[in-house]
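S.K.: These protein sequence lines map, in sequence, to chains A and B.
Here the working numbering is used: the first residue of the first sequence is 1, the next is one more, and so on.
Here the working numbering is used: the first residue of the second sequence is 1, the next is one more, and so on.
Bear in mind the hints are in silico, worked out from the structure with no lab data behind them.
Among these hints, one or two may not hold up.
[As the list claims (entries may be wrong)] Computed list of lysine to any residue pairs in SDA-like fashion (alpha-carbon distance at most 25 Å, straight line): (1) Lys-2/A / Val-155/B; (2) Lys-89/B / Phe-160/A; (3) Lys-93/B / Arg-196/A; (4) Lys-89/B / Arg-11/A; (5) Lys-139/A / Phe-160/A; (6) Lys-117/B / His-9/A; (7) Lys-139/A / Val-87/A; (8) Lys-104/A / Gln-115/A; (9) Lys-15/A / Arg-132/B.
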Amino acid sequence: MKARTLGRHVRESFKSIRRNSWMTFASVSAVTVTLLLVGVFIVIMMNFNHLAKSIENDVEIKVVADPAADKVIIKELVEKVQSTDGVLEVVYSSRDAELDKMIKSFGDELSLYKQSNPLGDALYVKAKDPQQTAAIAKKIDTYDYTYDVVYGEEKVEKLFNVLNMSRNIGLVLILALLFTAMFLISNTIRITIVARRTEIEIMKLVGATNNFVRIPFVLEGMWLGIMGAIAPMLIISISYYKLFELLEPKLQGELFQLLNTAPFIYQLNGLILFMGISIGVWGSFMSVRKFLKV
Amino acid sequence: MIVMKNVYKKYPNGVVAANGINIEIDRGEFVYVVGPSGAGKSTFIKMMYREERPTSGEIIINGINLATLRNKRVPQLRRQIGVVFQDFKLLPKLNVYENVAFALEVIEAPPAEIRKKVNDVLALVGLTQKARMFPNELSGGEEQRVSIARSIVNVPKVVIADEPTGNLDPETSWDIMKIFEQINARGTTIVMATHNREIVNAIKHRVIAIEGGLITRDEYGGEYYEG
Ligand SMILES: Nc1ncnc2c1ncn2[C@@H]1O[C@H](COP(=O)(O)OP(=O)(O)O)[C@@H](O)[C@H]1O
Ligand SMILES: [Mg+2]
Numbered sequence: 001m002k003a004r005t006l007g008r009h010v011r012e013s014f015k016s017i018r019r020n021s022w023m024t025f026a027s028v029s030a031v032t033v034t035l036l037l038v039g040v041f042i043v044i045m046m047n048f049n050h051l052a053k054s055i056e057n058d059v060e061i062k063v064v065a066d067p068a069a070d071k072v073i074i075k076e077l078v079e080k081v082q083s084t085d086g087v088l089e090v091v092y093s094s095r096d097a098e099l100d101k102m103i104k105s106f107g108d109e110l111s112l113y114k115q116s117n118p119l120g121d122a123l124y125v126k127a128k129d130p131q132q133t134a135a136i137a138k139k140i141d142t143y144d145y146t147y148d149v150v151y152g153e154e155k156v157e158k159l160f161n162v163l164n165m166s167r168n169i170g171l172v173l174i175l176a177l178l179f180t181a182m183f184l185i186s187n188t189i190r191i192t193i194v195a196r197r198t199e200i201e202i203m204k205l206v207g208a209t210n211n212f213v214r215i216p217f218v219l220e221g222m223w224l225g226i227m228g229a230i231a232p233m234l235i236i237s238i239s240y241y242k243l244f245e246l247l248e249p250k251l252q253g254e255l256f257q258l259l260n261t262a263p264f265i266y267q268l269n270g271l272i273l274f275m276g277i278s279i280g281v282w283g284s285f286m287s288v289r290k291f292l293k294v
Numbered sequence: 001m002i003v004m005k006n007v008y009k010k011y012p013n014g015v016v017a018a019n020g021i022n023i024e025i026d027r028g029e030f031v032y033v034v035g036p037s038g039a040g041k042s043t044f045i046k047m048m049y050r051e052e053r054p055t056s057g058e059i060i061i062n063g064i065n066l067a068t069l070r071n072k073r074v075p076q077l078r079r080q081i082g083v084v085f086q087d088f089k090l091l092p093k094l095n096v097y098e099n100v101a102f103a104l105e106v107i108e109a110p111p112a113e114i115r116k117k118v119n120d121v122l123a124l125v126g127l128t129q130k131a132r133m134f135p136n137e138l139s140g141g142e143e144q145r146v147s148i149a150r151s152i153v154n155v156p157k158v159v160i161a162d163e164p165t166g167n168l169d170p171e172t173s174w175d176i177m178k179i180f181e182q183i184n185a186r187g188t189t190i191v192m193a194t195h196n197r198e199i200v201n202a203i204k205h206r207v208i209a210i211e212g213g214l215i216t217r218d219e220y221g222g223e224y225y226e227g
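Bound conformation, chain B alone (with noise of 0.2 Å):
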């Protein structure tokens, strides 16, 4: 599903954010990737959907070998990929309902498609009722619902999610933890790079930590601690 062999990514101005990195994760599997600020974690995640080219190295997502692709191809890669943030990236001027069909009318899916998956997906992140408020009328646990409504809508065969209760209160982390869980038992892939000591150490699942662009630990059902 996604294979990393020997990637290393040395940014413009000098910094190794990656310095060797293998791993392999398979298809259904739940990820977390932790470390300090400045391990490389977010550098990890955008090369995994092409955000970032690694210096040198391979990278394999879906059979996809991120190395030899052509620029052309990247949009296919990426509607295979889900992809969620710390900062949610709603449009405000979009209400909950076109945010999330926002990324299927960009890829020129069909208008009754749009309607069912968008309802779908609501119903699963529980907005229905929101559907037609805005961005600016949620909470910050509501904005990263509709977030990842729209990561998902698509139906990627990976989510990945850079630090996406990083801007939440504990309670609500709780809560999008939970809908984290439901789409991964649906059989999606997920890789999420974390801060979050509780999360990872209530909800067990495969933990790599990262330190100095360096895989330094990869455990199934592994805690969070540093160094």
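With the rest of the complex left out, here is chain A (with noise of 0.2 Å):
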């Protein structure tokens, strides 16, 4: 295309956008609060999942192994976990160091058990997949001289399973929304066309091609898409940092953590405007489509 041409493209776009002004507003509106939305949907649903992440990776199986096992014993069971399938590290705790725990955390009474330990050795085992402890967990039940097998399991199914099912009902609002401001962006560009019939009907008539007819419609729906997208992005930008200023220090040494700004934020921003422009864009090509049939 000449520039010449895409000169022209431009300023009839935003002579439109200029002249509609009252649907341009609407439109925009529509995306901007579609947009801010999605973005705020965008922000929970990538902590929620930076959450599941940090849970996941916590989550570890407990072997107790049976008290009255040896040494030699202890030993090749952990080299029997340790070259089990999926496993990614074991880590040895033994009977006395399991007793300094309890006593840390439930007080000093049980301290009287020093002198006939009643706890077996224990192992801590991670695996490679998180989503796989269960499976491990099960086979090292199996093993001989264990005596207990725990890893919370009802509680990291429970937890998967509610993160699975947000992040599907999540996609299924943002597509929702996506949808809904689609078609008014595309109802927008109807009012511009029909409002300008007769010049399409010129244009076509004197043989002008049927992108150049389409082009102006087509960056309108653009421009209205990036108009839509500046409001979301700032505010969720300084929203997210302000946000992060007052919980990051609160945060300290828990297990939630609040994704770090850089480089979350500049994508986040970089996938609403993508949004807004795509909204804009098919939601114009939608309504040109019908109303500019050969």
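Take the two lone chains, each set in its own frame, and fit them into one complex as the hints suggest.
M.R.: Shown next, in the form of structure tokens:
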């Protein structure tokens, strides 16, 4: 396309944005609200995901060995667990260390057990893939000299289920919102097209190509999308920075950590802008296609 | 130049507006298409510039076969055809010059060429003095002259007009006819659907009469009459 032609298309698209200021305002607001909701949703989902990852990574299997087992047997057990499929690492903790931990968390009354420690040695096992935790636990449970195998089964599985479900619901909601915004843009462009029907008719009559007719409208849709993306990008960026500043010190040492602002916010802004442009362009394509049939 | 073979057109509502039309129009001819309202004149004309597609049959314009012409190629066809309507179809927000230039701008002609061609054609239709006026400041005859100027500014081989004098008083109609005569004299083929008995009978050209979607008469230097 010639630069002159592109310039003309850009001027035309601005012209109709100005001319239909009311519809422009309506659809830009719609895109703004949509992208704001979508953006907030993504922020929550991404942080949720982040939390899920940390919890997933934190899930380990505790294998309590038979208290009657001697050192040689324990050594064999550690080796066997270590060579089990899907096991990332095994940390050995002696029965005395285990008792110390219990005394620490439950109090000195337990010190009297130091005379005859009833606990067995413990192995802390991490799976390469946290989702495999249950399967590995089951397998280890069949080995000899294992007294107990625990990993907070139900809790972990429920958490995974909730996370997966909310991810899916989130995606569906996002899609629905995007479609709504697209529909609104498409309506705005339709009004522009109807207002310029004679113009289009004449353009086609004298042999303008379909692209020539179409591009100003597609550009108009794109501007609407971009304008609609500005406020959400600013609002979400600023809020997230503030939130991060506020919460970060308080979350020191907690399992739950906010995602770092960089590169997350840049990526999110890019995504919001991209979504704005996409719904603008698609919205206009849809209405143009219907109206400009040759 | 223009050939139609067994052209049949049935609208989606079932109306048959062309019922087997065969016609051949040579380069440089001036043809009146006459017939009562609803006869199928406009359909005949619309099929030539691919506004409507025939249900069956063959239409060839300037060697372009409209039956096999891909939608993408329609602009190429239209650049070789000028179209004039009863209701002018001018853009109210553009002045006379801009309305004519518009036809060249949208086919991406170079600016220098646009200036030259628009000025030439405005001189031809006698509107050089009114180039900066807007359509609502013009008389009907002047508006039609603008629309004719627009249709010929790209030097088409054929000009198709659907009742171009239908909205004009008799005197103005004669002025418009003079312009069409001039265009025809330059070698441009003209196909004009009309209801105007006085004009058809006074300025003699080939007359094609259509009724019920059929050509009922085709005479060189014919008269206007119905039935
Ligand atoms: N777009 C259309 N859809 C359905 N019927 C149409 C359409 N255009 C024209 N017709 C019908 O086709 C017939 C011929 O119409 P037209 O070609 O406009 O005749 P004319 O121009 O001679 O008055 C008429 O009966 C008219 O009602
Ligand atoms: Mg008609």
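S.K.: The structure should be examined with respect to each hint, and the outcome stated for every one.
M.R.: Hints and how they fare:
| no. | hint | in the structure |
| --- | --- | --- |
| 1 | Lys-2/A / Val-155/B | holds, 23 Å |
| 2 | Lys-89/B / Phe-160/A | violated, 65 Å |
| 3 | Lys-93/B / Arg-196/A | holds, 11 Å |
| 4 | Lys-89/B / Arg-11/A | holds, 23 Å |
| 5 | Lys-139/A / Phe-160/A | holds, 21 Å |
| 6 | Lys-117/B / His-9/A | holds, 23 Å |
| 7 | Lys-139/A / Val-87/A | holds, 11 Å |
| 8 | Lys-104/A / Gln-115/A | holds, 17 Å |
| 9 | Lys-15/A / Arg-132/B | holds, 21 Å |
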